[in-house]
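Novice: Chains as they are written, first to last, in our numbering: chain A, 7 to 124; chain B, 145 to 556.
These are calculated hints, taken from the structure and not from any lab test.
Even for Gly, the Cβ is constructed at its ideal location relative to N, Cα and C.
Check the hints yourself; a few may be wrong.
Stated by the list, open to error - Residues from chain B that face chain A, not an exhaustive set, calculated with beta carbons under 10 Å:
| id | residue |
| --- | --- |
| 1 | ALA204 |
| 2 | LEU403 |
| 3 | LEU413 |
| 4 | TRP414 |
| 5 | GLN470 |
| 6 | ILE471 |
| 7 | ARG481 |
| 8 | ILE495 |
| 9 | ALA497 |
| 10 | GLN500 |
Stated by the list, open to error - Simulated restraints, written as ranges between beta carbons of each label pair:
| id | chain 1 | residue 1 | chain 2 | residue 2 | range |
| --- | --- | --- | --- | --- | --- |
| 11 | A | GLU113 | B | SER268 | 50 to 60 Å |
| 12 | A | THR70 | B | ASN341 | 46 to 56 Å |
| 13 | B | ARG363 | A | GLU113 | 29 to 39 Å |
| 14 | B | GLU370 | A | GLU113 | 45 to 55 Å |
| 15 | A | VAL96 | B | THR334 | 35 to 45 Å |
| 16 | A | SER67 | B | ARG363 | 54 to 64 Å |
| 17 | A | THR86 | B | LYS269 | 21 to 31 Å |
| 18 | B | PRO265 | A | THR54 | 19 to 29 Å |
| 19 | B | LYS269 | A | THR70 | 28 to 38 Å |
| 20 | A | VAL96 | B | ARG363 | 45 to 55 Å |
Read off the chains here:
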Amino acid sequence: MEEFIILMRLDIITKEAQPSPEQLQVYMQQYHDWVGGIAAQDKFAGGTGLSKEGKVLHFNSVITDGPYAEIKESIAGFITIRAKDLDEAVRLAKDCPILKGKGNTVEVRQVVATHNNA
Amino acid sequence: MHNETLIPHLFRTEYRKIVAVLCRQFGLQQMEIAEDIASDTFLAAAETWPLKGIPQQPAAWLYQVAKNKTKNYLQRGLLFASKISPEIKSSTAESYEQEIDLSPGNVNDSQLQMMFAVCHPSISKEAQVGLSLRILCGFGIEEIANAFLTGKETINKRLFRAREKLKQENIRIELPSPTEMDARLSAVLTIIYLLFNEGYYSVSQHTTLRKDLCMEAMRLCTMLVENESTNKPAVNALLALMCFHASRFDARINEQGELVLYEEQDTSLWNTDLISKGGYFLHRAASGNQLTKYHLEAGIAYWNTQKEDTPEKWQHILQYYNLLLQIEYAPIAALNRTYALSKVYGKQTGITAAEQLALTGSYFYFALLGELYTGVDNIKAQQHFEKALALAKTPADKNVIQKKMNKLSQTS
Chain A
7 MEEFIILMRL DIITKEAQPS PEQLQVYMQQ YHDWVGGIAA QDKFAGGTGL
57 SKEGKVLHFN SVITDGPYAE IKESIAGFIT IRAKDLDEAV RLAKDCPILK
107 GKGNTVEVRQ VVATHNNA
Chain B
145 MHNETLIPHL FRTEYRKIVA VLCRQFGLQQ MEIAEDIASD TFLAAAETWP
195 LKGIPQQPAA WLYQVAKNKT KNYLQRGLLF ASKISPEIKS STAESYEQEI
245 DLSPGNVNDS QLQMMFAVCH PSISKEAQVG LSLRILCGFG IEEIANAFLT
295 GKETINKRLF RAREKLKQEN IRIELPSPTE MDARLSAVLT IIYLLFNEGY
345 YSVSQHTTLR KDLCMEAMRL CTMLVENEST NKPAVNALLA LMCFHASRFD
395 ARINEQGELV LYEEQDTSLW NTDLISKGGY FLHRAASGNQ LTKYHLEAGI
445 AYWNTQKEDT PEKWQHILQY YNLLLQIEYA PIAALNRTYA LSKVYGKQTG
495 ITAAEQLALT GSYFYFALLG ELYTGVDNIK AQQHFEKALA LAKTPADKNV
545 IQKKMNKLSQ TS
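Extracted from the complex, chain B is given alone in its bound form (with noise of 0.2 Å):
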């Protein structure tokens, strides 16, 4: 690998372990040190790496610029406490004797309860997600405004704003008691979610950015399932659901970067090693007797990765519906259980049910009107995909959409 494609992605590898064990050493309030001391550290590596060739270990090389860089902070720390305060018996002094522990042990500790800390409560939904990307991840303004499809400057403002609330609430880098830990597991698989769904729905066309973030929200969940006291039953059903949907990540989206509909993807695409780790997950899930959305979601996704449409299927699909929709509503989970219920009891049954449902600010709502009229009442199913088009906002929305009129007026 060369300089230019070495060092990023050296940086998304260690910057944010560097990140967290440092600031797991300093504590939140001096995050932005850890930060800075992280960020110097790839400036020297992109300085020396150069003129002097890359080093034999290049990860190894940086944890001890980073480990120099500290110490020389630290020092300079202790000089300044000397001469202001020279009483203070500073607690600088102590720290300046620690070594900087880069060990693959204590990285893992300090990303883990990084992880905690970022995803506090305290913190709103939007910031977490931003310094989640940022400290957890180690991803570039630049690519988190991309994400986000936002300017850089909004997503500096934004971590700014977190990064004071985190030292405002004086949240402490640490694993949540036991008592605590279900309702703070919680949060950070909500975080966790949201990242994965930013890459997996984004209507950003940088597909590789999209896989990236699926990636790194399948990497945090792995390390909560690979650590004793994270290991819980949501959590393995949180990763089954990525790991379902992530199967058809290549599927989905063409060469031109467009969505590809689910019956016509090429399901030599779909990743059966994702599938079959899905399963897995999925199996581990079912200890204990907790039921979560995660549980029910996995569920779905799991049938989804059968291709075959068996009534068996779409029962299944429907119960997990009916029970998900009662844990939490969303207008998309409903339109969604009304194709399902319209598979296992008709399409008379299904448009009975869609039209109680009244969803008229939506395009999807018309869109499965118009499919469940389809071959029903063709005027009516016209009707509904013409609403549907209106309401469309994205190329690709309207393209899905003008295709089942082009198939309807062909049939009729």
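Pulled out of the complex, with its shape left as it was, chain A reads as follows (with noise of 0.2 Å):
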């Protein structure tokens, strides 16, 4: 088994584009019929969501609140998960109930080990 990171991206900053207590609801309630899903197959490795105040680190020690104001995908959260390969990551990952909002990214990337970079 391999362990794959599973990045999700969404509009966290826009206004009109942040659901309502009730949606926000609900979106949870999906998000964790999908992660146990995953953790009922053994395969969910930790992760969890992100608040949504943080800071960015540039070059020159310029340091502006986070997370990127400029662009509209920010991290909204990660988990790592345990797959043979990154196909049935990809596979595990596509079920992200995310994806179902227009514009929002889901990033399968496989955890290595530092010296392992191939």
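Since each chain comes alone in its own frame, lean on the hints to assemble the complex.
Specialist: Here it is, written out as structure tokens:
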């Protein structure tokens, strides 16, 4: 089994794009149904949601309020999973409910050891 | 109460108190002596009471005898020490002067501290469970052997090794410091939960013994919620969980000692006191921002005390299982989650999710598929039930599946 990270990106900045509390509850349910399905196959390794607040550190010691305000795709959360190969990881990621939203993306990357950057 | 029932009863409630106090006094290095003195005390009762009659206050009598026996023991030690090495001022001289304190306050403190010593992470889980039953719950060796469906010799060996390990590791009888508390408490909760499950899910036909195990686990957990430094959300959550489960104890086992399926249980036998007690502790568990597996399991157990099949019930159960599996994977949780999923989203969704689990070694897996396919594809349902039947080990499990198959053949 290999480990993969699933990065979920969506617009968490634009006011109009933000869900109502009721919608959010439904989204969270769908999200946990998806993660729960991965965990039920014993393929969930870890991960969590992220706060909307943060800082972005730049070259030359510049620090700005983050996530990036100028782009609409911020990392909303990530999970790491165990899968046989990239194909299986993609298959599991495909059901991520945030993909129901236009413009949202999910990125799947294999986690590799530091000295094994093949 | 007569001697025959009174002494075993007192053994169960008083032995552990005497042992805990004496262990705390002597240290774990001499825990066998503490156990011997406590056992001798009960032997004295068994010899004296039939002849002289039961004392007015049996427990106080036991305490006095235990105190005297301890004094005699220490005196002998003192004599020995003074003859062998007169120049050494033995520490026993001081402890000899000390009165053994069997007041309720000290008994309680000692038992609480013993709990942490016995459930020390340096000794194996198996040993922790055995020692807990013996030292914290006052179970006889035979009872422990019955609970684990093994022989007395095995249990004695296990306990011997566990005691040796406690000595080697030089474990002290004390409450953990506040910084260590959460980690050490978590080890204690694991053992309490194991004790409970041993009673609740055991294949042993011995119903009384099983119930005792559950009650003891709840008693230990209650001691923890009653103490300020151990009254943490996770402890309350575990107690809530056990209350909810225990509320069905009388309904889930029939007079023949057979398991009664949830759907077929007589709800009038559900213990409503325990259900509301569970609610109370679950509420207390919600303080703080800790979400442990006990919280989630208690949440599931709460909804299982609601017999009515509402969408709300299954939605909650599904969400709790989703989170539970993220904290800790277990095949049985994965299967139960899939059942909840089918209750919320329909059988087809349930079937797809179930087939992904591929737990083909488990009878429960095929029983679930059989259940999900029933009414969708009865031929497949039949095939799955057949596989489940072949994998089921206990007569109770086989019986359950056979019933489902009979039902299936009646409808098709």
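Novice: Does each hint hold? Answer for all of them.
Specialist: Hint check results:
1. ALA204: The hint is violated - ALA204 of chain B has no Cβ within 10 Å of chain A, the shortest such distance being about 55 Å.
2. LEU403: At about 25 Å, which exceeds the 10 Å cut-off, the nearest Cβ of chain A leaves the hint on LEU403 of chain B violated.
3. LEU413: violated, 32 Å
4. TRP414: Violated - the Cβ of TRP414 of chain B stays beyond 10 Å from chain A, reaching only about 28 Å at its closest.
5. GLN470: holds, 5 Å
6. ILE471: holds, 9 Å
7. ARG481: holds, 5 Å
8. ILE495: Violated, about 13 Å.
9. ALA497: Hint on ALA497 of chain B: holds, closest Cβ of chain A at ~6 Å, below 10 Å.
10. GLN500: holds, 6 Å
11. A:GLU113 to B:SER268: 50 to 60 Å: violated, 44 Å
12. A:THR70 to B:ASN341: 46 to 56 Å: The hint (46 to 56 Å, Cβ to Cβ) holds, given that THR70 of chain A and ASN341 of chain B are roughly 52 Å apart.
13. B:ARG363 to A:GLU113: 29 to 39 Å: violated, 52 Å
14. B:GLU370 to A:GLU113: 45 to 55 Å: holds, 51 Å
15. A:VAL96 to B:THR334: 35 to 45 Å: The hinted range 35 to 45 Å holds for VAL96 of chain A and THR334 of chain B, with Cβ atoms some 37 Å apart.
16. A:SER67 to B:ARG363: 54 to 64 Å: The hint (54 to 64 Å, Cβ to Cβ) holds, given that SER67 of chain A and ARG363 of chain B are roughly 60 Å apart.
17. A:THR86 to B:LYS269: 21 to 31 Å: At 28 Å between Cβs, range holds.
18. B:PRO265 to A:THR54: 19 to 29 Å: For THR54 of chain A against PRO265 of chain B, whose Cβ atoms are near 27 Å apart, the range 19 to 29 Å holds.
19. B:LYS269 to A:THR70: 28 to 38 Å: violated, 51 Å
20. A:VAL96 to B:ARG363: 45 to 55 Å: holds, 52 Å
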